[in-house]
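Asks: Let chain A serve as the given structure and place chain B on it in line with the hints.
These are the residues of each chain, in order.
2 protein chains.
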Amino acid sequence: MALIVLKFGGSSVKDREHIFNAARIIGRWRNEGNDVVTVVSAQGDTTDDLIEKAGEITHDPSKREMDMLLSTGEQISAALLAMALETLGCPAISLTGRQAGFQTDRTYMSARIRMLDTERIESELSRNRVVVVTGFQGVNQYDDITTLGRGGSDTSAVAIAAALHAERCCIYTDVDGVYTADPRLVPNARRLDEITFDEMLELATLGAQVLNSRSVELAKKYSVCLEVRSSLTDKPGTIVKEVTDVEGMLIKGVTKDKNVAVINVLEVPDVPGASFKIFSLMAQKNINVDVILQSSGKPDCKDVIFTVPEPDADTAVSVLTEYLPRFGGRSVSVDKNVAKVSVVGAGMQSHSGIASRMFEALYESNINIRMISTSEIKISVLIAESEADRAVQALHDAFLS
Amino acid sequence: MALIVLKFGGSSVKDREHIFNAARIIGRWRNEGNDVVTVVSAQGDTTDDLIEKAGEITHDPSKREMDMLLSTGEQISAALLAMALETLGCPAISLTGRQAGFQTDRTYMSARIRMLDTERIESELSRNRVVVVTGFQGVNQYDDITTLGRGGSDTSAVAIAAALHAERCCIYTDVDGVYTADPRLVPNARRLDEITFDEMLELATLGAQVLNSRSVELAKKYSVCLEVRSSLTDKPGTIVKEVTDVEGMLIKGVTKDKNVAVINVLEVPDVPGASFKIFSLMAQKNINVDVILQSSGKPDCKDVIFTVPEPDADTAVSVLTEYLPRFGGRSVSVDKNVAKVSVVGAGMQSHSGIASRMFEALYESNINIRMISTSEIKISVLIAESEADRAVQALHDAFLS
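Residue numbers (this note's numbering), protein chains in the order written: chain A, 1 to 401; chain B, 1 to 401.
Only chain A is shown next, with the shape it has when bound in the complex (with noise of 0.2 Å):
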């Protein structure tokens, strides 16, 4: 008897239709012979809800009783899905992160996994109940209600699958799997049967409407067989693997990600260390510093040009600014009407060419590149905003049509 862990999302769960959808979804892999455990998240906009009453009472909630009040919204969706699963005959129990031993670091609102202690998942299994455990939430050390940050039931249902060695950890959604790009940016864009972990979290952007990042690498790391899948169809989703078919294809999919800012520190002195202090004061902000380029213009100068997520731009400018004096640079500036678009794959690591493909039809489609930044399984440029869309269909009609 195999084991399987499932995750409804908050859509999978926003009324009583759709959690009696869910409840027939777990029937079925019961029925198969399945031992199913299910991690469920907050019933649609309940998280929205919650945040927005606490907005009501201040803008600076303590991120201790937030979690307290976030939690409530995964209670209330795995105490009616345990409901609906007995309606349908299907013995259940509902248990909060805390009784399905989920044990975090301290950190509320983002807190990460610890150890997860399976007695009382395995103990209701072993009286052939369906466990459904509330995703997003454990407690820390202190006994308190943790939550771990936005798609953090992903990641709940992952460990969970890692722990108990589940055979499959399915991850139920309002999308039918993952695309080579956004269905409605690329309408010839087509549903992935396999994708390897490393390509899905090249994929974020893409990824992020269906798989929170966090959880693929830790299916990684446990080498937890995942699946994306619809729970409007329950037919096969995307699989994501350590290794897919070889002869496969080569490109997986094509990205495009608005939310960047391109950071111009300009006319720094070409000393050994200047580099370092301005990416040592991005580390000290916690900000992502992405795509570099230096370049040398005036002799005994250069410019330092980089990337980082477009809600840190203004701190990054406001920082550098201050300390501009310091390394004796020209001028900061920032631009944000960029966008970051990358051809994803596994397969590029063999195959050469792939860049210049890339910037061929970038180029057929008059789209000028600024930046270039290449991994082993990814190609990213760095293109003007308003050509974003028009260069995800350039290069999916290269790779992918």
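The reader is advised that the hints may include incorrect statements.
The list cannot tell twin chains apart, which means a pair is met if one copy fits it or any two copies do.
Said to hold, decoys possible - Straight line, CA to CA, 20 Å or less: simulated SDA-like cross-link-like pairs of lysine to any residue:
{"id": "1", "residue 1": "K298", "residue 2": "D176"}
{"id": "2", "residue 1": "K53", "residue 2": "E17"}
{"id": "3", "residue 1": "K14", "residue 2": "L50"}
{"id": "4", "residue 1": "K336", "residue 2": "E310"}
{"id": "5", "residue 1": "K53", "residue 2": "M109"}
{"id": "6", "residue 1": "K241", "residue 2": "D198"}
{"id": "7", "residue 1": "K277", "residue 2": "G328"}
{"id": "8", "residue 1": "K302", "residue 2": "Q141"}
{"id": "9", "residue 1": "K53", "residue 2": "F20"}
{"id": "10", "residue 1": "K285", "residue 2": "A274"}
{"id": "11", "residue 1": "K285", "residue 2": "E17"}
{"id": "12", "residue 1": "K63", "residue 2": "R127"}
{"id": "13", "residue 1": "K258", "residue 2": "F20"}
{"id": "14", "residue 1": "K63", "residue 2": "R129"}
{"id": "15", "residue 1": "K258", "residue 2": "S386"}
{"id": "16", "residue 1": "K221", "residue 2": "A162"}
{"id": "17", "residue 1": "K277", "residue 2": "D314"}
Because the hints were derived from the structure by calculation, they are not lab data.
Replies: Positioned in the frame of chain A, the structure of chain B alone reads:
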């Protein structure tokens, strides 16, 4: 430094405005130099909304899952109240029933408190925080969430006050105390400054609006000084304690209970044990029998007439009808158009003539008495439901004007 326990009902924390009002009241107690533990109910209609959600799933939900569901209501209001307190500069922390140390028996939806481990509450108080505890809930020996039943937050508050030897337990609500009669019914009803525990218990139908009877029993057992007080005015309300001023009022209140039905079992053979069989049947079905009248009609026969809570009347009739052949009665019937009207007051113990004055007042109002029941501090009469309001007014005029 005194310790004070404050309890805010659902109407006193129903929205932002009321939450801040409660927080300001808590702040005042604290600024007077008191340690404060606060118990909160779920906001406004939250509990009813959650019950409705469950009702959409099933008409017969598991009681365990209901408790999992319902307990979220208090968790939300506790977190919000703690946020409001911190916003006003008052250090605060919310605790679930479990964190606050409430251990209960295993009866879901109407659990009884078995033990209260105050370690966490005391530790938070010693850190100079206001402790906000979710009322109405605890955990059983399986570590599962239980609730104490409707009005259970009063019981939670009294239990904390008893365990911590609090100087006072203030029950904040939307009325300013206990009245001599329902003010909506009797315009000249007066607020009582003091009342004994026993009187408060007898005034249950008045008190039910403001005070749960289990909490009064618990307060009596542990001599907790209770006060019913308005969260709107925060003026002194009604103090409930062991002994009140002996020179005070003879009669403390007049109550009406329409939630009563009369069961008539006619022509039961007049042999030993006949009534016993009837009442043991009621006990088996957990039906509370109140006023009992046995009358002889035909020779060797008697009529057994008694009252039960109206919601239990149909069960009582059907079980009695089923067993009627065994004890040989002629017929079973029920009358739901009755009400019980009572005058309550510890003073009547030492004063004669209360009963005759009561019967005279009803006679003068032309109200027919069907059954009578007395205790040391109460006289109740059973009358036609249609005459109940008139009877309350007449008795209030006779004793309390």
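Asks: Honestly, which of those hints from before does the structure not fit?
Replies: 1, 8, 11, 13
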